[in-house]
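Novice: Going down the list, the protein sequences come from chains X and C. Just add 18 to the spot in the first sequence (first one is 1) and you have my numbering. Just add 759 to the spot in the second sequence (first one is 1) and you have my numbering.
Hints are supplied without guarantee of correctness; some may be wrong.
As the list claims (entries may be wrong) - Derived list of chain C stretches under chain X, where covered just means 3 residues or more per stretch with a C-beta under 8 Å from a C-beta of chain X:
hint, stretch
1, 834-841
2, 861-872
3, 1041-1052
Said to hold, decoys possible - So the derived list for chain C, only partly shown, Cβ under 7 Å to chain X, looks like this:
hint, residue
4, Arg849
5, Trp854
6, Asn856
Think of the hints as simulated: they come from the structure by calculation, not from any bench. Each residue gets a CB set at the ideal place from its N, CA and C atoms; glycine is no exception.
Letter by letter, the chains look like this.
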Amino acid sequence: MNASVQLDYHSTDIMCRRTLLPLHGRFSWFGMAITIYTNATAVLKGAEEAGLEAHSDSELEPSLRWDIAAELGFEPTAEAWGCKTIRDFNSVYLSMGYQQWFAFDLETGDAAGFVTICGLDQPSDLNVALYLRSVMDSIGYGPLSGLKERG
Amino acid sequence: MSGVITAEIAPAIRTQQLLFAGQPILLRTNASEIARYASGFFPEVRDTDARSTPPLATITLMQRETDEPLCENAPWFRARGHFALARFTRNDSFWFNLRAREVYGTFSSSLVDDRKRWCIHIFPALLGILAAAIEIAPVHAACLARHGRGVLLAGHSGAGKSTLTISLAKRGYALLADDWTYLSAAGTTTNGSGVEAWGIPVPVKLLSDACDLFPELLAYRLGTSLNNEIAYEVWPEECFGVSRLLHCPITAIALLERANEPGCRVSPISADEAIDHLVKELEPPGESLASCYEKQIDLIHRLANASCYRVSFNDHPYRVAAILDRALFPH
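Next up, chain X with everything else stripped away, as it sits in the complex (with noise of 0.2 Å):
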């Protein structure tokens, strides 16, 4: 959706709610499982060179959910990159752009986000790359590594 795609929040998926993540990828972080669902093979690899430790465990073993969902669009470069962290009772939000965001349920560790991308279909995308970096500065050292420490 786009900003001229008219905006009944109660219309069928205005919100892009049910967009499709046919991908995923395990990875571990420290030891704690996590799980990414995504529609863009950049956000995988995205993951992998924030941090996270892509590995082949069974999909049985419970893990975080993390759903990313990549919509077509442009955002700040590098040079202009920024990220507002803000943070409620249970939750972590952060805001990198008009169009990206990440929020992170303190609880649970479940989370979900949405990213621009010049293509769906690009093995990799320096946008991506930026936005899983200032996810994993954000919630990595701080709330997900308290997460583990909770058990």
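Go by the hints and put chain C onto chain X.
Specialist: Coordinates of chain C only, in the frame set by chain X:
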């Protein structure tokens, strides 16, 4: 890459326990204006028992201390899992964790003065997104009441809900909503169905050609609605002199549809058909909130005892209102 910027937020200075569709919610804000707008928009929790009920959701609305210019962008909404984000301008964002029933908004001081935007766009959008998490089912239907009996007017966009709503309100029906009505199990002590319909105090939206039907609109200016339609958004009490009601039980549902042939025909239909229509227009909130969606569907199914009609029309809304009125209240 520049360093991570952490938003600087002043602590909340006031809290209010308010009602949305009868359900208690807690509003926290550091902006006295927003607290005032909220008091005018949401009913306050009054009785002692309700005050002791823990709020079902917490909405934190924080004005940033830095003074920034209003940086307009088209509103932008996205949701995934139990999270959602609503941006109303480039700098004004509202975050949702629906599992935790939390909403967190930060906004510039420039937005604070815009009471109309809070009451017409921001509060209704927040509630529309939050509803599923607090056992409220928004149904795409207008709602009016007469003699304590409520009627839902359902129909797709363009079916004529708003013009028929005003026409019925002019016949003495109290108006709850012209587009979205909220079903809730709260406040149903006098109602056997276990569900009550609630409205919120938003303007009615009438498209530009509605001034042919309602010349009162000529005294108002057209504007751009949240979904980018050019429309009149007017307070019905002020523009048409009609009365408002906050909530009522539902005893009838009318499915509106445009007909090719001139005239108006009201025919009974099964409650299943009417309920199916309402359920189909309910937006599924996603897999992680499946249980919330089931509760919403259950609320809609509690309307099974309502008398249901199909209203096929190609006629002036005043005449349609008169015919529907006779069908709803034959005596």
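Novice: Next step is simple, just say for each hint if it's right about the structure.
Specialist: So, going through the hints one by one against the coordinates:
no. : hint      : result
1   : 834-841   : holds (count 8)
2   : 861-872   : holds (count 3)
3   : 1041-1052 : holds (count 5)
4   : Arg849    : holds, 6 Å
5   : Trp854    : holds, 4 Å
6   : Asn856    : holds, 4 Å
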